[in-house]
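The residues making up each chain are set out below.
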Amino acid sequence: MEFTTSPLFERVERARRRKPRVKDEFITLAHGAGGKAMHELVEGLFLDYFRNPLLETLEDQAVFEIAGDGRAPRLAFTTDSYVVTPLFFPGGDIGRLAVCGTVNDLAMSGARPLYLSAGFIIEEGFPVADLKRVLQSMRDAAEEAGVQIVTGDTKVVQRGGADKLFINTAGIGLIEHGARFSAAKVRAGDRVILSGSMGDHGATIMIARGELELETDIRSDVAPLWSLVEAMLETPAGIHAMRDPTRGGVATTLNEIALASEVCLRIDEQALPVRDEVKGACEILGLDPLYLSNEGELVVVVAAEVADQLLAQMRQHPLGRDARVIGEAQAEPPGIVVLKTAFGGTRIVDMLVGELAPRIC
Amino acid sequence: MKYVDEYRTGKIAGRLAEEIRRISARIGDPPLKLMEVCGGHTHTIFKYGIEDLLPPNIQMIHGPGCPVCVIPLGRVDDALAIAKREGVIFTTFGDMMRVPGSKTSLLQAKAEGADVRMVYSPLDALKLAKRNPDREVVFLALGFETTAPSTALTVMAAAKEGVGNFSVFCNHIMIVPALKALLDSPDLKLEGFVGPGHVSAVIGARVYEFVPREYGKPLVVSGFEPLDVLQSVAMIVKQIAEGRAEVENQYTRFVSRDGNANALAAICEVFEARDYFEWRGLGSIAHSGLKLRKDYSRFDAELRFAVPGLRIADPKACQCGEILKGVKKPWECKVFGAACAPETPIGSCMVSSEGACAAYYNFGRLSKLAERSAVAKP
Chain A
1336 MEFTTSPLFE RVERARRRKP RVKDEFITLA HGAGGKAMHE LVEGLFLDYF
1386 RNPLLETLED QAVFEIAGDG RAPRLAFTTD SYVVTPLFFP GGDIGRLAVC
1436 GTVNDLAMSG ARPLYLSAGF IIEEGFPVAD LKRVLQSMRD AAEEAGVQIV
1486 TGDTKVVQRG GADKLFINTA GIGLIEHGAR FSAAKVRAGD RVILSGSMGD
1536 HGATIMIARG ELELETDIRS DVAPLWSLVE AMLETPAGIH AMRDPTRGGV
1586 ATTLNEIALA SEVCLRIDEQ ALPVRDEVKG ACEILGLDPL YLSNEGELVV
1636 VVAAEVADQL LAQMRQHPLG RDARVIGEAQ AEPPGIVVLK TAFGGTRIVD
1686 MLVGELAPRI C
Chain B
5 MKYVDEYRTG KIAGRLAEEI RRISARIGDP PLKLMEVCGG HTHTIFKYGI
55 EDLLPPNIQM IHGPGCPVCV IPLGRVDDAL AIAKREGVIF TTFGDMMRVP
105 GSKTSLLQAK AEGADVRMVY SPLDALKLAK RNPDREVVFL ALGFETTAPS
155 TALTVMAAAK EGVGNFSVFC NHIMIVPALK ALLDSPDLKL EGFVGPGHVS
205 AVIGARVYEF VPREYGKPLV VSGFEPLDVL QSVAMIVKQI AEGRAEVENQ
255 YTRFVSRDGN ANALAAICEV FEARDYFEWR GLGSIAHSGL KLRKDYSRFD
305 AELRFAVPGL RIADPKACQC GEILKGVKKP WECKVFGAAC APETPIGSCM
355 VSSEGACAAY YNFGRLSKLA ERSAVAKP
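First to last, the protein sequences are chains A and B. The numbering of the first sequence is this note's numbering, which starts it at 1336 and goes up by one. The numbering of the second sequence is this note's numbering, which starts it at 5 and goes up by one.
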């Protein structure tokens, strides 16, 4: 077949970079799944209404100075809501998730998480014993992460007004170094490091729902990543971008970075760490671990010359024991994530489309 | 992972690719056009980059064996009409939720208030019916003979247990009439077929013997792992080089010559052929669809609910029809990749991961991009 149609591919890439718009009349679950539809909602609607320079960066947290004279320490600020179902799952529960998710969004900017708020929306009839379990687990996770929950709010809604329990947390962190990470700072030649195996959280939640009648030993990886990041920050020079690949998985995070930096991220399938149990569940369900969510992993893109040193530092930490280089950034083709398959071919890895599974966090 | 990794090793792939190159060199020009019938094969070909491994004188043509892709617009509208009825819980498989009808999809209908739920098995829909006796639970059944037995067994279970609030909106189709229609199509010249895999586990390999006998084309029943597909291509090319045309079975670990008698018996017990069924792209094909037999017609959603039953033409810009017949490649469609992309599909081929357009968009655009880069930096 003669391919003389390269204008077509210009067209596809132009369409991928088009200003996102929400065309739907109603919100669908896909708008919350972390993939393309959610990007449309965030960039095409929320950003339009709330636009300001801090929000425009579309990072997982806002980073700002209190004094504004360039000398004051910088703060990071973020918020996240948790609606996971089931509330309790192997390896964690909604409480642990609510603390770790927000702590991790702060940590990805290199901020030491300091204080959290916690808002609870509780459905009438929710057992107090379950609430106690969730609170205990939030206390434990906060202690592990070195943060304090210093303010909060409670609402109780009538039966059916919410599903059991929803939690919102917001967090403030302090950036104690000069480095600035951004998904837009990646350059050709940089190395992509993943801190551990992919998809444990997403697979755990899908199986914990019991709809599939699968039994496995997979546990969620939900953990506060600050102590790992703190170890990495001993030598912050050379770290360009850092994100935690939650909803939409590693594939979506890599696409965000590739598009923000207009580089190609070339990933080696054989270097991607996936547990056999997760791989097996994915084979049965027709899922790709690249799109499964993680709650205790991070992707860091780093200058090639410091990659080995950073990797060694990460591996000394329990949460980075299985860290490895999974690929590198190249100049061409820009905005694309390419996977070199173990089979010997190459293929594109795009963002998640639609919903893989709702309410995973 | 055992039983999976063995079929994905690059080393053996290299050897097979070399063998294909060697044999096909003997055949020379013009290029051999081989059709992989199943959407599952199309998915594998793009996901593993198999076309990268084939010599230029072998072209893979992507066939119509993606059940979601061949559902015509009118049937989607019928499904929506049932789903929007008061008191109905409408259930189906995941991919079907996103297929656009003439106005909306089931996913959008769900956001607008219809009770549409994704299930993994028709038995889950039956369970829902038993748990919600005051609701009407409808299962949109689709797929070839692969999935028809599980629908049949579910209907039999519903009959045995006397579940009155369960019904099936049946869109099951059969592979052999579709293959015949393709072979009779004047605008398509094919030299061989990578034959259906999972369908054949049910119907057996023998039913394809008319393909070599009446049309003189080789057909190799193939598995879905990348090495399966590559080996099947090698077997077809070998037949052509040796002047043979036969049905061969590459997928011996699942497919027998006569198929699965129990599964076939279940299909025959519950279903009978429709006089005609419309396929997107291929048009109306005689005896290609299944409907519930009279004994089970009380579970037929088309009889229980009034459906519009209209034939609706595809959107003008959409060329799914030509793509399903293998007459056009996905990238030759005017709306491909811009107006029609996986998040905003216009045609069904962009919805299912087994659809040629979605497979090509998601995995296969790379070779073109690399070309573009090469053009950009001479």
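It should be emphasised that the hints constitute simulated quantities derived from the structure, not laboratory data. Nothing here was measured: the structure is a model prediction, and the numbers come from that model. Don't take every hint at face value.
[Stated by the list, open to error] Taking lysine-lysine and the DSS-like style, the derived pairs with C-alpha atoms no more than 30 Å apart in a straight line are: (1) A:Lys-1614 x B:Lys-51; (2) B:Lys-6 x B:Lys-164; (3) B:Lys-114 x B:Lys-332; (4) A:Lys-1467 x A:Lys-1520; (5) B:Lys-164 x B:Lys-51; (6) A:Lys-1520 x A:Lys-1490; (7) B:Lys-332 x B:Lys-51; (8) B:Lys-338 x A:Lys-1354; (9) B:Lys-320 x A:Lys-1354; (10) B:Lys-320 x A:Lys-1499; (11) B:Lys-184 x B:Lys-332; (12) A:Lys-1354 x B:Lys-107; (13) B:Lys-193 x A:Lys-1614; (14) B:Lys-193 x A:Lys-1499; (15) B:Lys-242 x A:Lys-1614; (16) B:Lys-164 x B:Lys-37; (17) B:Lys-107 x A:Lys-1358; (18) B:Lys-193 x B:Lys-6; (19) B:Lys-131 x A:Lys-1675; (20) B:Lys-242 x A:Lys-1358; (21) A:Lys-1614 x B:Lys-88; (22) B:Lys-88 x A:Lys-1490; (23) B:Lys-114 x B:Lys-184; (24) B:Lys-338 x B:Lys-51; (25) B:Lys-242 x B:Lys-15; (26) A:Lys-1354 x A:Lys-1499; (27) A:Lys-1358 x B:Lys-134; (28) A:Lys-1675 x B:Lys-320; (29) B:Lys-88 x B:Lys-134; (30) B:Lys-193 x B:Lys-338; (31) A:Lys-1675 x B:Lys-6.
[What the hints assert, rightly or not] To be clear about the criterion: a stretch of chain B counts as covered by chain A if any three or more of its residues have a C-beta under 8 Å from a C-beta of chain A, and this derived list gives those stretches: (32) 185 to 198; (33) 247 to 256; (34) 286 to 300; (35) 312 to 325.
Heads up, the beta-carbon is just placed ideally off N, CA and C, and yes, glycines get one too.
Status of the hints after comparison with the structure:
no.: 1; hint: A:Lys-1614 x B:Lys-51; in the structure: holds (16 Å)
no.: 2; hint: B:Lys-6 x B:Lys-164; in the structure: violated (39 Å)
no.: 3; hint: B:Lys-114 x B:Lys-332; in the structure: violated (34 Å)
no.: 4; hint: A:Lys-1467 x A:Lys-1520; in the structure: violated (43 Å)
no.: 5; hint: B:Lys-164 x B:Lys-51; in the structure: violated (43 Å)
no.: 6; hint: A:Lys-1520 x A:Lys-1490; in the structure: violated (41 Å)
no.: 7; hint: B:Lys-332 x B:Lys-51; in the structure: holds (20 Å)
no.: 8; hint: B:Lys-338 x A:Lys-1354; in the structure: holds (21 Å)
no.: 9; hint: B:Lys-320 x A:Lys-1354; in the structure: holds (26 Å)
no.: 10; hint: B:Lys-320 x A:Lys-1499; in the structure: violated (47 Å)
no.: 11; hint: B:Lys-184 x B:Lys-332; in the structure: holds (19 Å)
no.: 12; hint: A:Lys-1354 x B:Lys-107; in the structure: holds (24 Å)
no.: 13; hint: B:Lys-193 x A:Lys-1614; in the structure: violated (40 Å)
no.: 14; hint: B:Lys-193 x A:Lys-1499; in the structure: violated (60 Å)
no.: 15; hint: B:Lys-242 x A:Lys-1614; in the structure: violated (35 Å)
no.: 16; hint: B:Lys-164 x B:Lys-37; in the structure: violated (49 Å)
no.: 17; hint: B:Lys-107 x A:Lys-1358; in the structure: holds (13 Å)
no.: 18; hint: B:Lys-193 x B:Lys-6; in the structure: violated (39 Å)
no.: 19; hint: B:Lys-131 x A:Lys-1675; in the structure: violated (43 Å)
no.: 20; hint: B:Lys-242 x A:Lys-1358; in the structure: violated (51 Å)
no.: 21; hint: A:Lys-1614 x B:Lys-88; in the structure: violated (38 Å)
no.: 22; hint: B:Lys-88 x A:Lys-1490; in the structure: violated (34 Å)
no.: 23; hint: B:Lys-114 x B:Lys-184; in the structure: violated (38 Å)
no.: 24; hint: B:Lys-338 x B:Lys-51; in the structure: holds (23 Å)
no.: 25; hint: B:Lys-242 x B:Lys-15; in the structure: holds (21 Å)
no.: 26; hint: A:Lys-1354 x A:Lys-1499; in the structure: violated (37 Å)
no.: 27; hint: A:Lys-1358 x B:Lys-134; in the structure: violated (38 Å)
no.: 28; hint: A:Lys-1675 x B:Lys-320; in the structure: violated (37 Å)
no.: 29; hint: B:Lys-88 x B:Lys-134; in the structure: holds (21 Å)
no.: 30; hint: B:Lys-193 x B:Lys-338; in the structure: holds (23 Å)
no.: 31; hint: A:Lys-1675 x B:Lys-6; in the structure: holds (21 Å)
no.: 32; hint: 185 to 198; in the structure: violated (count 0)
no.: 33; hint: 247 to 256; in the structure: violated (count 0)
no.: 34; hint: 286 to 300; in the structure: violated (count 0)
no.: 35; hint: 312 to 325; in the structure: violated (count 0)
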